[in-house]
Amino acid sequence: MSRLSKIGLLVGYACLALAVVVARRAPAASYELSVYAATPTATWLALFVALLAGAGVALAGSRAPATHTASLGLIGAVGMTVYAMPVLRGYAFYGAGDSLSHVGWAREIAGGTLEPTELLYPGIHTLTVIVGRVAGVPLALANEYVVLVAVPAVFLLFVPASVRLLVDRPEAAAVGLLAAVSFAPINNVSVHPNAHPASQTILLFAVVLYLAIAVAAGAFTPDSGPGSDRALGGSVLLAVAATALVFVHPQQALNVAGFLGGMAALQLLVRWHRPAHSLAGTASMVPYTVLVLGAFMLWTPRFERATGAVMATVEGLLQGSTTGAAVVSAKSTSLTSVGGSLPELFLKLFGAAAVLSLLAAALFLLAARRHRRHPLPLLLAAGLLPVVGVFFVVFAANLGDMYFRYHGFLMVPITVAGAVGLLRLRDWLGDVGGERAGSAVVLAVLLVLAPAGLVAVHASPYMYQPSQHVTAATIDGHEAAFEHRDPDVPFTGLRGGPRRYVDYHYGTQQARDRLEFPGYREGIRPAVFEAANYSTAFEEDRYVVTSQAVREQEIQLYDGFRYPERGFRALSRTPGVDRVRANDGFWLYYAEGGGEA
0 MSRLSKIGLL VGYACLALAV VVARRAPAAS YELSVYAATP TATWLALFVA
50 LLAGAGVALA GSRAPATHTA SLGLIGAVGM TVYAMPVLRG YAFYGAGDSL
100 SHVGWAREIA GGTLEPTELL YPGIHTLTVI VGRVAGVPLA LANEYVVLVA
150 VPAVFLLFVP ASVRLLVDRP EAAAVGLLAA VSFAPINNVS VHPNAHPASQ
200 TILLFAVVLY LAIAVAAGAF TPDSGPGSDR ALGGSVLLAV AATALVFVHP
250 QQALNVAGFL GGMAALQLLV RWHRPAHSLA GTASMVPYTV LVLGAFMLWT
300 PRFERATGAV MATVEGLLQG STTGAAVVSA KSTSLTSVGG SLPELFLKLF
350 GAAAVLSLLA AALFLLAARR HRRHPLPLLL AAGLLPVVGV FFVVFAANLG
400 DMYFRYHGFL MVPITVAGAV GLLRLRDWLG DVGGERAGSA VVLAVLLVLA
450 PAGLVAVHAS PYMYQPSQHV TAATIDGHEA AFEHRDPDVP FTGLRGGPRR
500 YVDYHYGTQQ ARDRLEFPGY REGIRPAVFE AANYSTAFEE DRYVVTSQAV
550 REQEIQLYDG FRYPERGFRA LSRTPGVDRV RANDGFWLYY AEGGGEA
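For the sequence shown, position 443 matches number 442 in numbering that gives the first Met the number 0, and the numbering has no gaps at all.
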């Protein structure tokens with residue numbers, strides 16, 4: 000077995016190296032609608048073989064510590080390679096929406112025109128500036144390093160570490176890592192891999208979760224006792240990590256407080272009613288809950304945006320306006336218009352999450368029955384309850400698809416619990432059909448879950464979404480257009496104005512508070528674009544922005560659902576519309592106005 004394991008690892012690491020080299024030697028030459036389709040097939044085949052080798056050795060191979068550690072490294076490297084594929088493929092930037100605005104804020108912090116304390120969530124922006132200065136790279140690339148490399152690496156490290164705390168067996172880390180590689184919190188609805196502070200906070204919650212379990216279980220005090228330096232160190236780490244998330248994204252930090260509060264409530268309940276129970280002796284989560292809430296209350300109310308979000312939630316509940324169900328219904332209608340279906344999309348986006356949720360539910364039911372033998376999973380279940388409650392409150396309010404953020408947050412502890420549930424399933428199958436049968440079933444489940452999650456990490460036509468790829472041509476085209484524009488002529492574009500690129504170029508705070516950029520948010524109505532009647536639709540002249548990315552998204556992905564191909568062709572044929580700037584992936588037109596809006 001040891002010989003086979005070594006051969007398997009050799010093949011796995013060779014395939015991993017091949018995948019990385021092939022991907023690196025095939026950089027993106029233009030906009031890519033799907034990073035999966037544009038990346039050479041050899042890369043994906045090699046990564047699958049590497050994942051298969053790593054998982055096989057980790058769960059069914061040699062138990063030698065060095066071999067097992069190498070197999071874990073291989074699994075983690077495969078997950079990181081997929082997550083960081085935009086970096087490997089040389090994308091100029093990754094994140095066509097909010098992410099551009101976040102780099103705009105980072106630029107202002109780097110330039111000294113914006114203090115981090117003036118921003119509601121300065122964590123990711125400050126890290127971007129630090130990485131940019133230390134590594135000597137542009138801020139756009141530094142941001143990719145932070146969100147596509149550092150953050151997922153933390154998630155992949157601490158999820159299996161949490162599983163190992165709950166199940167003290169070597170294979171626990173392997174099962175936890177394979178579950179983590181599915182990246183179940185990433186749903187590409189409200190949680191994304193690109194720069195989006197709420198999304199990064201959700202993945203970083205894995206650190207707090209690990210520390211909370213470790214402190215509660217006494218992992219920092221196995222021999223030295225609760226008053227030792229190690230115990231104090233563990234408590235300080237948990238306090239610092241939990242509080243730090245307030246500065247990455249306060250909304251998700253409030254979820255952390257809710258999670259810790261749920262754990263604390265169960266501890267208090269057990270101590271009150273069953274003081275002899277093993278949970279009564281776990282370290283209390285009350286101080287950490289109070290600390291995070293205190294930091295939240297000191298930091299967040301200073302910002303109008305935060306208080307406005309609270310008021311919007313309350314108003315949405317009281318007015319009973321558009322609910323989460325209505326949002327889902329509306330999106331379902333749009334989805335069917337481009338050839339998709341809601342059940343299909345659910346399976347693609349949430350299939351792995353659904354399986355992990357079922358496994359977690361089974362674990363919690365088992366823990367409720369055997370709470371004296373396995374008490375710690377009950378703390379996870381208790382922590383989930385407050386956040387689940389908030390999920391339903393947000394679902395009932397008029398907050399669009401915000402509730403999917405709460406789904407993403409919940410999937411961090413559910414991934415841990417689901418992995419533990421798989422280990423319990425392995426034990427049960429081992430008792431029924433032998434250890435090999437149990438290992439084979441668990442391996443098969445994980446080899447379906449991990450790839451199913453990895454193919455949905457990045458937005459693509461597979462899930463009826465465009466890639467978040469931003470090309471250098473698009474960035475350069477917008478910057479040149481801004482630098483040489485007539486300041487009195489507004490901009491416009493499909494599905495909205497060029498506000499994200501304005502944020503990126505001028506700085507987000509400058510663009511929103513002082514710049515008054517003409518046409519910052521203004522988009523072209525589909526009927527106007529299709530008919531190309533700009534002279535009658537607009538009272539004044541306009542700059543019309545299009546790009547290769549926009550063309551491919553509207554024509555290839557959405558099949559001209561809102562903006563048909565004939566509208567793009569009409570731009571070069573319509574009298575009064577002239578192309579004034581262009582490069583390989585960007586086109587700027589000047590459309591004469593003169594009619595009534």
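It should be emphasised that the hints constitute simulated quantities derived from the structure, not laboratory data. Backbone N, C-alpha and C fix where the C-beta goes; we use that ideal spot for every residue, glycine too. Watch out, some of these pointers could steer you wrong.
[As the list claims (entries may be wrong)] Across the chosen pairs, the derived CB separations fall in these ranges:
hint : residue 1 : residue 2 : range
1    : Arg578    : Ala149    : 21 to 27 Å
2    : Asp577    : Glu343    : 39 to 45 Å
3    : His483    : Ala152    : 40 to 46 Å
4    : Val133    : Asp577    : 29 to 35 Å
5    : Asp583    : Gly293    : 50 to 56 Å
6    : Arg23     : Asn532    : 44 to 50 Å
7    : Val387    : Phe302    : 25 to 31 Å
8    : Asp512    : Glu343    : 20 to 26 Å
9    : Val387    : Arg229    : 55 to 61 Å
10   : Gly96     : Arg229    : 31 to 37 Å
11   : Asp577    : Arg494    : 18 to 24 Å
Here's how the hints hold up against the structure:
no., hint, verdict
1, Arg578 - Ala149: 21 to 27 Å, "violated (41 Å)"
2, Asp577 - Glu343: 39 to 45 Å, "holds (43 Å)"
3, His483 - Ala152: 40 to 46 Å, "holds (42 Å)"
4, Val133 - Asp577: 29 to 35 Å, "violated (46 Å)"
5, Asp583 - Gly293: 50 to 56 Å, "holds (53 Å)"
6, Arg23 - Asn532: 44 to 50 Å, "holds (48 Å)"
7, Val387 - Phe302: 25 to 31 Å, "holds (27 Å)"
8, Asp512 - Glu343: 20 to 26 Å, "violated (43 Å)"
9, Val387 - Arg229: 55 to 61 Å, "violated (34 Å)"
10, Gly96 - Arg229: 31 to 37 Å, "violated (44 Å)"
11, Asp577 - Arg494: 18 to 24 Å, "holds (23 Å)"
Violated hints, in rising order: 1, 4, 8, 9 and 10; the structure is consistent with all others.
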